[in-house]
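Trainee: Spelled out from the first residue to the last, the chains are:
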Amino acid sequence: MSIEEWIIAFLPGAMRAATPLIFAALGVLLAERSGVLMIGVEGAMLLGALFSIVVALLTGDAWLGFLFAGLVGAAAGLFLGGLTVRLPTDQVVVGIAFNLVVLGLTSFVFRLLGPVGVYRIAPPIPMLELSIMGAVFAAPPLTGMALSLTLITWVLLFRTGPGLKLRSMGERAHAAHAAGIDVVRSRIVVLVLAGVLCAFGGAALTVGWVRVFTENITLGRGFIALAAVYFGRWHPGWALAGCLLFGMGDALALRLQAAGGGGTPFYLMTIPYLLTLVVVGITGKAVGPQDAGKPYGRG
Amino acid sequence: MKSRSFAVRVLAMLTILVLSGSAVGCPRRAAAPAEQPAAPAFRAAAIFSIPDPARAGGWDRAQWAGLQLLKEEHGWGLSVAEAVPFPDLAKVASGYAEAGYDVVIFTSSAHIPAWMEVAPKYPDTWFLLMSVTDTLPASPRVAAWRPDMYSYGVIVGITAAKASKTGTIGVIGGMPIPALLLMFSGIIEGARHVRPDAEVLVSWAGNWVDVPTHRELTLLHIENQADVLFTVTGPATAGVFEAAEAKGAMVIGYAADWYDDAPGVVLTSVLVDTIRIYTDLAETFAAGLMDKRIVYCGPDYFTLADFRGKLPEATVAEIQDIVRKIQAGEVVIPVVMHDIGK
Chain V
-13 MSIEEWIIAF LPGAMRAATP LIFAALGVLL AERSGVLMIG VEGAMLLGAL
37 FSIVVALLTG DAWLGFLFAG LVGAAAGLFL GGLTVRLPTD QVVVGIAFNL
87 VVLGLTSFVF RLLGPVGVYR IAPPIPMLEL SIMGAVFAAP PLTGMALSLT
137 LITWVLLFRT GPGLKLRSMG ERAHAAHAAG IDVVRSRIVV LVLAGVLCAF
187 GGAALTVGWV RVFTENITLG RGFIALAAVY FGRWHPGWAL AGCLLFGMGD
237 ALALRLQAAG GGGTPFYLMT IPYLLTLVVV GITGKAVGPQ DAGKPYGRG
Chain G
28 MKSRSFAVRV LAMLTILVLS GSAVGCPRRA AAPAEQPAAP AFRAAAIFSI
78 PDPARAGGWD RAQWAGLQLL KEEHGWGLSV AEAVPFPDLA KVASGYAEAG
128 YDVVIFTSSA HIPAWMEVAP KYPDTWFLLM SVTDTLPASP RVAAWRPDMY
178 SYGVIVGITA AKASKTGTIG VIGGMPIPAL LLMFSGIIEG ARHVRPDAEV
228 LVSWAGNWVD VPTHRELTLL HIENQADVLF TVTGPATAGV FEAAEAKGAM
278 VIGYAADWYD DAPGVVLTSV LVDTIRIYTD LAETFAAGLM DKRIVYCGPD
328 YFTLADFRGK LPEATVAEIQ DIVRKIQAGE VVIPVVMHDI GK
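Each protein sequence line maps, in turn, to chains V and G.
Per the numbering used here, the first sequence starts with residue -13, numbered consecutively.
Per the numbering used here, the second sequence starts with residue 28, numbered consecutively.
For reference, chain V alone in the conformation it holds in the complex:
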């Protein structure tokens, strides 16, 4: 295989691995930019992964499954917002508990739905004819959508008034409130959006990639998206780079093994994680939004 052929085969593999991470990382980034830690990203991804495949199998339409995942993600975001912003409770504890609850819940629902055929392979997601990315770069539609959303997120955060308000909530929530922003309501809206994006990440993993669901299918990918955001210093472009780096590491590890070189498969499988660790180490200490993780109370 020539270098060109190798790269042509390698890049789609890397993009397949990176696409779910990009969606989830954008969700995490939005939430944390608004001042709320999105530890529940793994759970939101799992919900999206399960419900997208269930709807895709029942309706025969993968796009419908993908959209339904967004609805479930919105509900998850609202739930998390209610607990961490409205009450507010500890964001880390709620995030961890949410992930554990969803892991059990999705496994339970998955087994319950066995008789309606959720163990089958879902229909493939058809190419979206209107996808500009698809037309220009021949990228799969969900990859095109993830890349487009990265650009949209950047514009929203750094080139619009609502984006400025969102960032101000993450840096100084009380100052934002003094400036007339309803911090509680705005953060809940952002968390709903974040839930949608994280669930899209899960849906991209199932209906967009492997077309099946198994228990705990995300296997920590939500936390990798979280790491990508920290690596990217809460900037959409750099978070995207983090996801791509991990995707490339993943694809490289598999290809090295298939080529029969580079040592035992177990060492090779650590490549994406080692790459992420090395890059995070090289980039040094990252300082996030100042009010991220701090419960906000008006009193």
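Just so you know, the hints here were simulated from the structure itself, not pulled from any lab data.
Worth double-checking, as some hints may not be accurate.
To be verified - Under 10 Å between C-beta atoms, here's a sample of chain G residues computed to sit facing chain V:
(1) Met143
(2) Gly261
(3) Asp287
Said to hold, decoys possible - Per label pair, the in silico range of CB-to-CB distance:
(4) V/Gly223 to G/Thr162: 55 to 61 Å
(5) G/Glu125 to V/Val265: 46 to 52 Å
(6) G/Asp151 to V/Pro281: 53 to 59 Å
(7) V/Leu64 to G/Ile321: 57 to 63 Å
(8) G/Gly336 to V/Thr45: 26 to 32 Å
(9) V/Phe252 to G/Thr162: 34 to 40 Å
(10) G/Asn251 to V/Arg158: 52 to 58 Å
(11) V/Glu(-9) to G/Val359: 39 to 45 Å
Stated by the list, open to error - Covered stretches of chain G, going by a simulated chain V footprint (3 or more residues, C-beta under 8 Å):
(12) 221 to 231
(13) 263 to 275
C-beta atoms are modelled at their ideal positions from N, C-alpha and C, and glycine is treated no differently.
Given chain V's structure and the hints, the job is docking chain G onto it.
Mentor: The following block gives chain G in isolation, referenced to the frame of chain V:
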């Protein structure tokens, strides 16, 4: 107002903690041994390291069928612990022994260290292994049903090589445990027995559950000309099916009949007769004849599932003929271990 808000917060946190506790308990069915309503003849506990053994992988599914036979045909009480991590195996097995179970069944060769550790501590409990071993723990009540995984692999290799158009066979394992090293070596030798130029590509996913990794490894095998695939893993088998379906390759099922999982891609399955194994176990127990031993389960324990028209009848007949000769001892394929686990 403030105290009401505090009460709501406390209530919310408690709800989350209770839900998480109950939900996390869901996948690991019967983590605490459960009683049967009527007094059973014997009480058995089976330990799996993957979730949902009734559906996942092949070996576990075949074991599940045998366990159901113990329960439904022989009236045994049955408790199943699933998704038990390797470091917790000894603890879970000890828990069953202390709870008074008559038989504790380990279902994988990866469970051998725990089997060796726990069995001597509870000499009144039978500890059984359903996998490859050549030694028994230092305890009076231990036994193993040892499938000849090498011969099993030989049958898979013969079937795959006969079915393959390209002569390249893709094999994916979860982890290089002893049973799989034997089996995959058997696949290589079996394939070469009927097709000397056959190439067998072996890769390891590093786990039994990561569907995307298994899918991508399968795609790489297909890119490298493999048109018949075989996998021994857990729930991640679904990733192999998906990639095979997307690229038009065929999959040979492991231990149980996989046809219903992916009718479009499953060529056949090489079945392990766990019904015979568990019937033997139940009858030996009922007769009070159980003793310390290793029961060798040779090629006659392995059969081919229906090909359902996926291969020409003449090819199927050829495969069945070779398998019959292996079972009868007319064809012997020497054990050659390949360096595939590193």
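Trainee: Against this structure, judge whether each hint is valid.
Mentor: These are the hints, each one checked on the structure:
Because the smallest distance between the Cβ of G/Met143 and any Cβ of chain V comes to about 23 Å, over 10 Å, the interface hint for this residue is violated. Proximity of G/Gly261 to chain V holds as hinted, the smallest CB-CB distance being about 9 Å (cut-off 10 Å). This hint holds: G/Asp287 has a C-beta 9 Å from the nearest C-beta of chain V, less than the 10 Å allowed. For V/Gly223 and G/Thr162, the Cβ-Cβ distance of about 58 Å falls inside the hinted range of 55 to 61 Å, so the restraint holds.
In this structure the supplied range 46 to 52 Å holds for G/Glu125 paired with V/Val265, their Cβ-Cβ distance being about 49 Å. Against the hinted window of 53 to 59 Å, the Cβ-Cβ separation of G/Asp151 and V/Pro281 comes to about 55 Å, which satisfies the hint. Under the hint 57 to 63 Å, the C-beta atoms of V/Leu64 and G/Ile321, about 58 Å apart, fit the expected range. Restraint check, G/Gly336 to V/Thr45: a C-beta distance of roughly 31 Å satisfies the suggested window 26 to 32 Å.
Between V/Phe252 and G/Thr162 the CB atoms are about 26 Å apart, so this pair departs from the stated range of 34 to 40 Å. For the hinted restraint 52 to 58 Å between G/Asn251 and V/Arg158, the CB-CB distance of approximately 56 Å keeps it satisfied. Between V/Glu(-9) and G/Val359 the beta carbons are some 43 Å apart, a value that agrees with the proposed interval 39 to 45 Å. For the region 221 to 231 of chain G, the stated coverage by chain V holds: 3 residues have a C-beta nearer than 8 Å to a C-beta of that chain, and at least 3 were required.
Check result for the region 263 to 275 of chain G against chain V: holds, 7 residues qualifying (beta carbon to beta carbon below 8 Å, three or more required).
Of the numbered hints stated above, those contradicted by the structure are hints 1 and 9, listed in ascending order.
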